[in-house]
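Student: Assemble chain B onto chain A, guided by the hints.
Chain residues, written in single-letter form:
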Amino acid sequence: MSSQNKITAKVILARKPDSETMEKIEAFVRKRGCANAVYEIDSGIIGGIIVYIGDIVYDGSVKSRLEKIRSGIAD
Amino acid sequence: MFVEYGGSQLLASIGELVEWESVVCHLIALVILTVGLYILLFKPVKRMIRERQEKIKKIEKENSDLNAEVKQMKDSTSVLLAEAKKEAAVIHENAVKSANQKADDIVSGARAQAKSLVERTEQELDEERRSLQSDIERQISDVSLAVAEKILRRDITPEDDKKMIADSLAEWSKDQ
Numbered sequence: 001m002s003s004q005n006k007i008t009a010k011v012i013l014a015r016k017p018d019s020e021t022m023e024k025i026e027a028f029v030r031k032r033g034c035a036n037a038v039y040e041i042d043s044g045i046i047g048g049i050i051v052y053i054g055d056i057v058y059d060g061s062v063k064s065r066l067e068k069i070r071s072g073i074a075d
Numbered sequence: 001m002f003v004e005y006g007g008s009q010l011l012a013s014i015g016e017l018v019e020w021e022s023v024v025c026h027l028i029a030l031v032i033l034t035v036g037l038y039i040l041l042f043k044p045v046k047r048m049i050r051e052r053q054e055k056i057k058k059i060e061k062e063n064s065d066l067n068a069e070v071k072q073m074k075d076s077t078s079v080l081l082a083e084a085k086k087e088a089a090v091i092h093e094n095a096v097k098s099a100n101q102k103a104d105d106i107v108s109g110a111r112a113q114a115k116s117l118v119e120r121t122e123q124e125l126d127e128e129r130r131s132l133q134s135d136i137e138r139q140i141s142d143v144s145l146a147v148a149e150k151i152l153r154r155d156i157t158p159e160d161d162k163k164m165i166a167d168s169l170a171e172w173s174k175d176q
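Here the protein sequences come in this chain order: A and B. Using our numbering, count along the first sequence one by one with no gaps and you end on 75. Using our numbering, count along the second sequence one by one with no gaps and you end on 176.
Only chain B is shown next, with the shape it has when bound in the complex:
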């Protein structure tokens, strides 16, 4: 059809079909609608989106701060834990040393006590032995002297007695 009618004829046909005033009106209405939409809808939505983004950024920042804080706390906790472990190891070592020392003291004390007990017992045994020996010796001497006394009572004759008296008197006179 375009081929048949040509360009000028087409424009003439459009001109007949469309009223230019209507087109202008539509354009104006479109512009007004666009401006209205821009002012009433696009800007608030854009603001809202910006606020949301800021909020998200803020949350992200808070999140990041919290993460940093958590990391710091974790590091601090690790340090504290390491120190606590070190301190616990020192305390354990000291406790073991102290316990060993105490055990050594107890053992050496018990040994000293046992040694002292043995020495005291040996000393008491020696004293008992000496006392017993002394008792036996005394008893033997008592018995021997009692026997000697009995024999002398029986065997000393008047002549023996006379001689003993004479000897004693002679000796005392010599000493004078």
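Chain A extracted, bound-state conformation:
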């Protein structure tokens, strides 16, 4: 077992996922060397998903997309 397998991925979602989505998420995190994933429900992200694996953040939330649009308008 490599040292990466000890890492637990943190997954944030806007609502509770169904089993199909959970499978896809776990497959994704396993490919990145994580043993398992913990889920957190935060309606503040509106929709989409945020995955934390160690120092790496995968942000596909609606909230972050809106923030990108906001900063694009401000620039």
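Since the hints were made in silico from the structure, they are not lab data. A virtual CB, placed ideally from N, CA and C, is assigned to each residue, including glycine. The reader is advised that the hints may include incorrect statements.
To be clear about the criterion: a stretch of chain A counts as covered by chain B if any three or more of its residues have a C-beta under 8 angstroms from a C-beta of chain B, and this derived list gives those stretches [to be verified]:
#	stretch
1	18-30
2	35-42
Just a sample of chain A residues kept apart from chain B, beta carbon distances all over 12 angstroms, derived [unchecked claim]:
#	residue
3	K6
4	I7
5	K10
6	G54
7	D59
8	S61
Tutor: Frame of chain A, contents of chain B only:
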């Protein structure tokens, strides 16, 4: 009577009437008187007159010298006056030039200051306008995004969310 007596008789008559010694005495007295008068009166008076004339000449000379001096002073004064007038004219001209220069400087300074003030005010107005525009744009974007967020919160269905999650995972896997 002369005709009757004739010349010789006339002389004889005068001889009888006048004593020659007396005449001589009178002549001597006349000479002495004349000499005395000449010595005692004429010479002093003549000397006095000469002294007076010398004095008058001296006074006249002094007067003439004074007149010459006065004339010289007058000429000198005229020259000084002319120089003073010339100098005054130069001073006046310089003062006018200096005053004009100063007035020009003041006017140009005021113009520059006014121009700078106008430019600064325009710049401040531009900055204010830009800031206001930026504020308005930010407020519009904030409101638009708040509205969008509200709509998305309301309209995103579980299926939409599921699709978004699947798309994100697929995209991240592709990037790997």
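Student: Taking the earlier hints as the rules, which of them does this structure contradict?
Tutor: Numbers 2, 7 and 8 - these are the hints that the structure violates, sorted from lowest upward.
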